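Participant: First to last, the protein sequences are chains Y and G. Those letters in the first sequence? Residues 1404 to 1981, per the numbering used here, in order. Those letters in the second sequence? Residues -4 to 85, per the numbering used here, in order.
Wrong hints could be hidden among the right ones.
Claimed, not checked - Derived list of chain G stretches under chain Y, where covered just means 3 residues or more per stretch with a C-beta under 8 Å from a C-beta of chain Y:
#	region
1	20 to 33
2	37 to 44
3	49 to 61
Stated by the list, open to error - So the derived label-pair ranges between C-beta atoms look like this:
#	chain 1	residue 1	chain 2	residue 2	range
4	Y	Arg1688	G	Ser76	34 to 42 Å
5	G	Thr28	Y	Gly1682	33 to 41 Å
6	Y	Ala1416	G	Leu(-1)	16 to 24 Å
7	G	Val13	Y	Asp1409	30 to 38 Å
8	G	Gly16	Y	Ile1420	25 to 33 Å
9	G	Ser76	Y	Ala1571	46 to 54 Å
10	G	Ser57	Y	Gly1911	31 to 39 Å
11	G	Ser57	Y	Asp1808	54 to 62 Å
12	Y	Val1435	G	Leu4	38 to 46 Å
Source of the hints: derived by calculation from the structure; they are not laboratory data. A quick note: this is a predicted structure, and the numbers were derived from the prediction, not measured. Glycine included, C-beta positions come from ideal geometry on N, C-alpha and C.
The lines below spell out each chain.
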Amino acid sequence: MLHGPDTRLRLIAVLLIAALLPILGQLVRLQVLEHSQYQSEAEALVRRQYGLPEAPWGVIMDRNGDLLVGNVPVYDVGIDITMITDTAPIAAVLAPLLNRTEEELLASMTPTESLETTVWRPLTKHVPIETAQKLKDLDWPWITLSPTWERYYAEGAMACHTLGFFNAEGIGYGVQAFQLRFLRAESFARYGQVSVDTKPLPGELAEGNLTPYPGTDLRLTIDRTIQAFIEGTLDQAIIDYKAVGGTILVMNPQTGEILAIASRPNYEPYRYAEYAQNGEEALFRDPAVSIAYEPGSVFKVVTVAAALDSGRVDMNWSYYDTGELEYGGVSIRNSSGAAYGQQGLQGILNHSLNVGVATLSTQVLGADLFYKYVRAFGFGQTTGIELTGEIGGIVHLPTDWDWSDSHLATNPFGQGIAVTPLQMAMAVSAIANNGVMMQPRIVAERRYPDGRIIPIPPHELGQPISAETARTVTEIMARSVETFGKVAQVPGYRVAGKSGTAQIPTTGGYDPQQVIVSYVGFGPVPNPQVVILVKLDRPDVPSNIRWGINTAAPVFQKVMARVLTLLGVPPSDLRAGQ
Amino acid sequence: MQRLLARLLLGVVVITTVLAGVYLMVVAANVHTARRLWAMENQIADVMRDNQALMTEIARLSSIPVLQERSVALGYQPAESIDYLYLGEP
């Protein structure tokens, strides 16, 4: 047999080596030859999606930092159906907590046939923290609570068209939809190596910052106090004049900042799903920027400004008003039906003479020059305000296929031309701002989560008329208020303005009864701080007072008086240092 | 010769043990730090939620309808007329 310890030792060594060789061989196979394959298989076992609760969207504040739209932390509730056997008692406990019937919950807990492999089922969405806490107190491991957010509208329906909303289907309105790329938080969900309790392994954490990155906050140009005031005033005006809707817009002509916009009918943004379910999506459109109307006589200030700026007329110019003008196959008459004799530019605005402005457009300016000014004032094109759904209105140009000579006679008094309230206010702002037209804007600054604050500077759109023309038109408008439009006067302040009463186009003509009344003006003169536009749709009042000067002008006066006070603008005599 | 080999073997075992110990210590510390880091990330998320909840609560309490109600309860009334005083240049 084996002789001596050395021989036995050698034999044992050989046996050990022989036994180790397959192990070594396997090690080489696993670690070297098939290393990559096994590594990927091992990684696949621990690689899963993981993430922190989603970060909040950016909030929206008014110009003074008061919150308009925020985020409420809520929870989505689900259930792991593999961990439960008897669903009925669970449904009975959850039903009152989740505000759902037991039948609904039982249906939610039962996977459909096609979902046999389902292990988790959603029960309800967006439950408040208090309910979530009660669910946690149940200490049921099969209940899952996923933190998420719900938009919170601090002032309810106030400024709903401006603020808007953005839903899960990707449909949005207002500034929220327009500024979505800034407001939306970066969703944090990464695919990586996690432990058995879905916590990322150290290597994952070393790869980068996992902190949720919230959306960018927006500070708007809106003043919450002015906004609340005009909303209340608009509601009252609609009641007083039995109107079906309306708009009030307040803007700073020097910067283009919108201080407030309110329109009716309105909606509550946090209930958008209910409106959509009821087929009331039309409420979401912002009448201030998305719905055009024929402005009527307020447009005369544009025509007078154009005529003056062209240099073809001055304050000494006059024409003889016969009360009627034939042009392009249509007969233009003054709204009163009367003839006013010899009239100048002041008389045209004082008496709101259709024949006068039609004379200016057809006999003084001509189509090319008139529409050059119409375009320069921004009509027929969007203003570029940060709100979704803005439209450019309708301006028929001589080069258009549907152009008619009659447009040149009717457009100067705001008929046959469609504008948005914002366009009209912007054009008048140019007159108030020495001829310089500022782009209307609603976002004052963006506040990034890293602390950067990026102000949005005012943007000049152009200068449709000279400063001298603007001052002259301002003077005409102010005198018109002081003589024929006293209802718009604000005690202590000099204001300029113009009323309008526009017919509403229907198929084949104009509605014989219904009108849109409006008033646009600015103050104080000189150095206007605000432009205010008031528009009321289809007021149902006696026909003798169904005019802009009787309905919209008093509302303008009320708003102007309060806004000047709220802005701390002292009366004219004090500003003059008397 | 055999003693030298034994010392060498012992040295290798000791060094290997020390290196393995250090490796394990570093890995354990790494895992511990990762856990803490993850917990802090979650804390940040929780603080964000608390912060947003407080912001909305403040907004609710300072919303215009609430302020109006409070003002009326305190006896305030809307200002009907405002008198301005002109202070000349000193």
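Participant: Take the hints in turn and mark each one as holding or not.
Facilitator: Against the structure, the hints:
Judged by the Cβ-Cβ criterion of 8 Å, the region 20 to 33 of chain G is covered by chain Y as claimed, because 7 of its residues qualify and three suffice. Look at the region 37 to 44 of chain G against chain Y: 5 of its residues bring a Cβ nearer than 8 Å to a Cβ of that chain, three or more, so the hint holds. Only residues whose beta carbon comes within less than 8 Å of a beta carbon in chain Y count, and the region 49 to 61 of chain G has 9; three or more means the coverage holds. A beta carbon spacing of about 39 Å between Arg1688/Y and Ser76/G agrees with the range 34 to 42 Å that was offered as a hint.
Taking the beta carbon of each, Thr28/G and Gly1682/Y are about 57 Å apart, not inside 33 to 41 Å as hinted. The given range of 16 to 24 Å is respected by Ala1416/Y and Leu(-1)/G, whose C-beta atoms sit roughly 20 Å from each other. Between Val13/G and Asp1409/Y, the C-beta spacing of about 35 Å keeps the proposed range 30 to 38 Å intact. At roughly 29 Å, the beta-carbon separation of Gly16/G and Ile1420/Y lies within the given 25 to 33 Å, and the hint holds.
The supplied range of 46 to 54 Å is met by Ser76/G and Ala1571/Y, whose beta-carbon atoms lie about 50 Å from each other. Take Ser57/G and Gly1911/Y: their Cβ atoms lie about 53 Å apart, and the range 31 to 39 Å is violated. For the pair Ser57/G and Asp1808/Y, the supplied restraint of 54 to 62 Å holds, since their beta-carbon distance comes to about 58 Å. Val1435/Y and Leu4/G have their C-beta atoms about 27 Å apart, which leaves the hinted 38 to 46 Å range violated.
Comparing the model with each numbered hint stated earlier shows that hints 5, 10 and 12 do not hold.
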